[in-house]
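Colleague: Here's the letter readout for the chains.
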Amino acid sequence: MKLSLPARLSILAFAVSATVLLVACQDEPEPVTIIKEVPVEVIKEVEVEKEVIKEVPVEKEVIKEVEVEKVVEKIVEVEKVVEPTQEPEPAAGPPIYQMGIFEEPISRNYWNYYGGPAGSVWTQYVLDGHSGSLYGYSDQRFDWVPGLAADFPTDLTKETVGDGEFWTAEVQMKTGVKWSDGHELDAGDFVFTVNTVFDLQLSSNWAAAVDSAFLDRVEALDSHTLKVFFKTTDAEGNPQTPGLSVWQFGLGFMPVLAEHYWAPIIEEVKKAGEINQQQEALFAHIPDGEPTLGGFTFSKWEPGAFLENNTDPNFYNQGTVVTMYANGAYSESNERTGHSATYFGDADGDKVLEYTVGPHVDSELFSIYGNQDAAILALTNGDIDYVFNPLGLEKGFLDRVRSTPDLQIATNANNGVRYLGFNVRKPPMDIAEFRQAVATVIDKEFVARTVLQDAAIPVYAMVPEGNEFWHNSDVPKFGKDMSRGDRISQAVELLKSAGFTYEEEPEVSEDGAFIAKQGKGLKMPDGSPVPEMTLLAPSAGYDPMRSTFAIWVERWLTDIGIPVRAQLTGFNVIVDELFSDTVADDLDMWMLGWGLSIFPDYLENFFHSRHSPEIGGGYNWGGYANNQFDDLALGLLTETTIEGARDKAFQLQAFLAEDLPYVPLFTTPKLDAYRPSRIEFPYTSVLGGLEQQNGMQQEVVIK
Amino acid sequence: MAKYLLKRSAQILATLFVFLSLVFFIVNAQPGDVSNFYALNPDVPPETRERLQDLFGVNEPLWKQYIVHIRNTFTGNFGISFSHYPRSVADVIMERLPRTVVLFMTATALSFYLGFALGKVVAWRRGGWFEYTSTVSGVTLYTVFTPWFGLMMIWLFAFKAGWLPIGKFLDPVLWRDAPVDANSVFTRMILTAFVVSIVVFGVFVVTAQRRMGRARLMRIVSIALASLVVVAVWIASGTAVFAWDILRHMVLPVVTLTLISFAGTMLLTRNSMLETMREDFVMAARAKGLPERDVRDKHVARNALLPVVTSFIFSLAFAVDGGVITESIFSWPGMGQTLVSATLTEDLPLAVGAFVFVGVFVLIAHLVADILYAYLDPRIRY
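These protein sequence lines are chains C and E, in that order.
Just so we're aligned: the first sequence equals residues 1 to 703 in our numbering.
Just so we're aligned: the second sequence equals residues 1 to 382 in our numbering.
FYI, nobody ran anything at the bench for these hints, they're computed from the structure.
Keep in mind that a hint or two might mislead.
[Unchecked claim] Straight-line Cα separation of at most 30 Å, BS3-like style, residue types lysine-lysine; simulated pairs:
#1 Lys7(E) x Lys271(C)
#2 Lys270(C) x Lys300(C)
#3 Lys160(E) x Lys703(C)
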């Protein structure tokens, strides 16, 4: 039987459609529909009759719905979406931790990453397991605990050495710690790293760790004992004390690099010419066989495709059992090395966390994807176990992950804040009551909960709530829990109390739910009209949440007669404006965000008058200057005890929440998606989420 | 001809200069600079930003940067990439180029072959059911929203069916212990394709004057033999498995690109064929009693080839810039993705370098097309 071309094409089209349908139905967790193709009966030469039989489902895939597990802790909620339908199959081959990133790391050179242009978050992820420091944060609770140090340092002592007077402290380093190439770590490595930072005038994170305004030098008293010398006076001869941010959370956190590998390279680098050329030469070096300290060594980098790190067999911390107790005690012990230590009390009572430090894998693979979409697709397809999402998971991706049976989402508090800033050099923003009135009318709860559907969490203090130890919850909260009418009334009262006047005061509806009449003709205390102001905020393409907030802020301020126009623009435009020479004159208000550190010394960075662009070229773009605040902030920097620093941080937060150079707006929950059927983390409740723990490369266990 | 070539070369140089200037000023018109990405870390001292600006030279006056840019470009030095610091721009481009060339040359060649073959048939069966079906489906695919179509292809054939990999150009687990790097495999693939093309071209030239049936047999046997030799060489080199892995990853993007773009060639061929079919020599060929297939393929299609070849040459030139969308969707780290990320991260040297590289390629392609015109159509004389 010969069929005509149309008939043949029809059959072909039918077959293709059937194939597409069959393909589309594969792996669906729903009843299977089997479409059978039946013989085509040809009546005429060109007519084809098709019959499709849809059979009753013969098989039903059952998804075991499990109850949603909510770990209700103060900051964290772990949501279990759906448990896998089957027991996970044992991992084939050597255990490899497969992670997804969607930008290329820039360099493997640690000097470049920590102090040069390679300082991207993607570089950070892949170099996480390459270094160690004297001290670090404990997992989950962020206690300050020894790392390469054998114990806490001696107290700072004022000591006269030669002609000079110094604050000094001694640190005993752990013995038996080996680099990945088998060399033993000693005090010389630490001294070498510090001296290199000094000699090559390295900036960025190196300069933050090795603060030359305070640190004079570090000496190795013997192979494993360090002595640190801090200056007792600043450049002007004023007395100074190296506080926590300089010593314990500064120099103590500095990554240590291997002298026996880097010393000859640094010698060569120093021959490169001027200091800039020396830095360039250092950053240009491509490490080959560089010894590491953090549990992993570099194995292979296929640009654009993947980077692999192998386990370091000499990792000093492997096998260490870390236990944290409800009473605040922290203990660690390692049978292999014989190391054992307990801090912050007695190791007894309820254990809140216990795990064994790895690596528990043979290697870790960072697969590089073109974008977040591709990475999430690879995660849902089972190609990788975890995806780094430094900018968070968008709702669409979140829904996709939630609908994938063997994926789980860990929800954590984020250590960051998005804010509205004022240029307090210019009227009316230089008047505290004006700023308070603005803070009062901004209904953060409404935007966060109703408009953004809980994608944002309102904040009132500059230290986010998730940073429990340092967060002061008892700060003034302008407008909190007020109705719209009350907000407007209080804002108007605040303005009037500062001498502002209206031609027409705003009026609230009878039920107090909305504005009945906008305020008009607002005049400043000197009688001049309030000028039109611009609120710079990122556009929706960059951050839909901030742009939404900006639009609402514009509306609410206009309601009470403050003429503000939200200008939604590119991130670079805003940053350019902030760093411009004319920032003092051109800037009105802006909306940006900060990713923050645990120790809140950033409060000084953001608001101390010495960091105004016109003075020190710092981050105090709004030009906030308050002597009382400055003294308090410097007090935080020079504080040498944790409790004292906490007290000062609390005072600073309260001060800022009252004076409001920034109006803290919101933070976002940190969402991490991973595959619990293949990998297991010792804990998932942690400030900043799994992402800020760099995917827990040393702790993850492959099932 | 020599005079014409000289004149065209001068024009191309002038165009290149204008192009370089435009690229530089447009790219630099973006607000901010690369240091913005390091500026917003409260742990980083503020002076770090200035140091980075010094390091990258972005705080120099624009006219100084422009002069350096022009000088560097004409001396082949595109500078250092900010986002791949301290690698040179040329190094980054040479890393990304083979990947794009392999993917997009393959897709371009396939889509032109498919488009040309279909275009011939469509023109020959004008007004028929086949023409309507091909035209409608071709134009539908030609105008489809590319990101959506790409994602649907991934969803259907990679995610749901599991037949093909989801994005990327290789399987990291397989390549962990690979004795070669991906770029050397890509380079070998390009060389292989070049050699095979030469062989195929040679076979076609040698068999052109022979009888149809015999010629076809010789072509099939020769190409099969050449393919066997190629496969044997790859297997013997121990890298066949890696080339196969790349080929597997290429299937989806190539099919997607081919489906999206074949209609352009098809319609161009159809129109050109329809014009040629009205020529007297076609009527003469028919009058001689030549079979319809011979009239179509040897008389009409060959004469209709000219605009298609021109279009093909330009497409090959543009293939080096990759497809920004395709490369992003399929996680194919070629020139397109490099351009996007360089622009987003304000890596001006890399963005400018990539644009210039593509621009030079396109200008050369114009020159080649002009020369080919004269070669393919004896009526054209410069």
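Colleague: A separate judgement is required for each hint: does it hold in the structure or not?
Modeller: Okay, the hints, checked on the actual structure:
no.	hint	verdict
1	Lys7(E) x Lys271(C)	violated, 50 Å
2	Lys270(C) x Lys300(C)	holds, 29 Å
3	Lys160(E) x Lys703(C)	holds, 25 Å
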